[in-house]
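Chains A and B, in that order, give the protein sequences.
Note that the numbering used here has the first sequence beginning at 1, numbered continuously upward.
Note that the numbering used here has the second sequence beginning at 1, numbered continuously upward.
No lab work stands behind these hints, which were simulated from the structure alone.
From a predicted model like this one, the values you see are computed outputs, not experimental measurements.
Think of the CB as a built atom: it goes at the ideal place given N, C-alpha and C, for glycine as much as any other residue.
Don't take every hint at face value.
Claimed, not checked - Think about it this way: if two alpha-carbon atoms lie no more than 30 Å apart in a straight line, the pair counts; the simulated BS3-like pairs of lysine-lysine are:
#, chain 1, residue 1, chain 2, residue 2
1, B, K28, A, K28
2, A, K28, B, K9
3, B, K12, B, K28
4, B, K12, A, K12
5, A, K28, A, K12
What the hints assert, rightly or not - A partial selection of chain A residues facing chain B, derived with a Cβ cut-off under 10 Å:
#, residue
6, C47
7, W69
8, I94
9, L139
10, T171
Now for the letters of each chain:
Protein chains: 2
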Amino acid sequence: MPFVLPEPKIEKWDRATTEPLADYGVFKVVRYGMRDPAGAPRRPVHCFECPDWCNVIARTPSGEIVMIWQYRFGTDSMTLEVPGGVIDPAEEPIAAARRELREESGYEADRFELLSVVEPNPALQGNRCYTFLAHGARLAGETAFDDLEECETVLVPERALGEVIDSGRITHALVVSALETYARRALR
Amino acid sequence: MPFVLPEPKIEKWDRATTEPLADYGVFKVVRYGMRDPAGAPRRPVHCFECPDWCNVIARTPSGEIVMIWQYRFGTDSMTLEVPGGVIDPAEEPIAAARRELREESGYEADRFELLSVVEPNPALQGNRCYTFLAHGARLAGETAFDDLEECETVLVPERALGEVIDSGRITHALVVSALETYARRALR
Numbered sequence: 001m002p003f004v005l006p007e008p009k010i011e012k013w014d015r016a017t018t019e020p021l022a023d024y025g026v027f028k029v030v031r032y033g034m035r036d037p038a039g040a041p042r043r044p045v046h047c048f049e050c051p052d053w054c055n056v057i058a059r060t061p062s063g064e065i066v067m068i069w070q071y072r073f074g075t076d077s078m079t080l081e082v083p084g085g086v087i088d089p090a091e092e093p094i095a096a097a098r099r100e101l102r103e104e105s106g107y108e109a110d111r112f113e114l115l116s117v118v119e120p121n122p123a124l125q126g127n128r129c130y131t132f133l134a135h136g137a138r139l140a141g142e143t144a145f146d147d148l149e150e151c152e153t154v155l156v157p158e159r160a161l162g163e164v165i166d167s168g169r170i171t172h173a174l175v176v177s178a179l180e181t182y183a184r185r186a187l188r
Numbered sequence: 001m002p003f004v005l006p007e008p009k010i011e012k013w014d015r016a017t018t019e020p021l022a023d024y025g026v027f028k029v030v031r032y033g034m035r036d037p038a039g040a041p042r043r044p045v046h047c048f049e050c051p052d053w054c055n056v057i058a059r060t061p062s063g064e065i066v067m068i069w070q071y072r073f074g075t076d077s078m079t080l081e082v083p084g085g086v087i088d089p090a091e092e093p094i095a096a097a098r099r100e101l102r103e104e105s106g107y108e109a110d111r112f113e114l115l116s117v118v119e120p121n122p123a124l125q126g127n128r129c130y131t132f133l134a135h136g137a138r139l140a141g142e143t144a145f146d147d148l149e150e151c152e153t154v155l156v157p158e159r160a161l162g163e164v165i166d167s168g169r170i171t172h173a174l175v176v177s178a179l180e181t182y183a184r185r186a187l188r
């Protein structure tokens, strides 16, 4: 019998006020005045606002996934990720995925399909991250990094994704979540 | 033949300066002055600093996972998550997992083991999220919410996790990543 998820009996809170506090470029900090379901005021909370993001799982015809090494400012370390980035204003998520794949790895692909949409951190930020599968990936030319970016492409056989994750070499939660969902649906 | 991941040939950048800009309680904003591998100064970047976080996948003896509905400020919505939260200063990750499970769901468990460690967002923040498996979970008493928290427990059969994720009802990337890794290792 299929599992039917019970809806919550508790109710959502509401934002009584939204106050922009600071704009740091890649994210803005906002303060929300909160009201609980009974209408009672609660102490304000701080969150950030970011644009939506995208990731691309690009698969070559021989079953390899296009990944990149990249230096990351938050962790001050090199991380192994799939290509991805910020979706520009008025840009469709699928167009951003195609652009980021080309810029960061030099790869293009025949067909893009949406694999999953997750929320990077509902507690602190409201944006979404779209992951696309790109089929028929092939090296098409040079990379085109922005001024704070430098990437190195690595092809990882899709059958090895689980062991590379378990070895602790893929740590970015948005990349792990995308690759694990891909592996569950496509590789079993 | 096992896949051997090639190490990156590109080198990491360095933080030349670290400047605290603002303290918002749950996170701090910092500015890093950057230097590329050639030693050249680059424009500064903004990141946030947060404490480490933990998540708990608590399994009942009959194969159900303890999940919670919770209102989330960042997305202004109810989300379905596993218990978890901020690891207090000087608290061991496993102790935080045990505490958060008890506070948010009222459940306790016999044995906790580390499942995975991910970085929530290496691009913007340096913290880690530890996920523990808790075996032999059982309802032990009342919940104990903090002043901005209200949760409702839902038991989800572990065999249904994939379909609940695919239905779009579990959206928190840290929860999806933890549950997918659990399902790959434990349920195949």
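We went through each hint and held it up to the structure:
no.: 1; hint: B/K28 <-> A/K28; result: 13 Å, holds
no.: 2; hint: A/K28 <-> B/K9; result: 34 Å, violated
no.: 3; hint: B/K12 <-> B/K28; result: 24 Å, holds
no.: 4; hint: B/K12 <-> A/K12; result: 43 Å, violated
no.: 5; hint: A/K28 <-> A/K12; result: 24 Å, holds
no.: 6; hint: C47; result: 5 Å, holds
no.: 7; hint: W69; result: 4 Å, holds
no.: 8; hint: I94; result: 18 Å, violated
no.: 9; hint: L139; result: 16 Å, violated
no.: 10; hint: T171; result: 4 Å, holds
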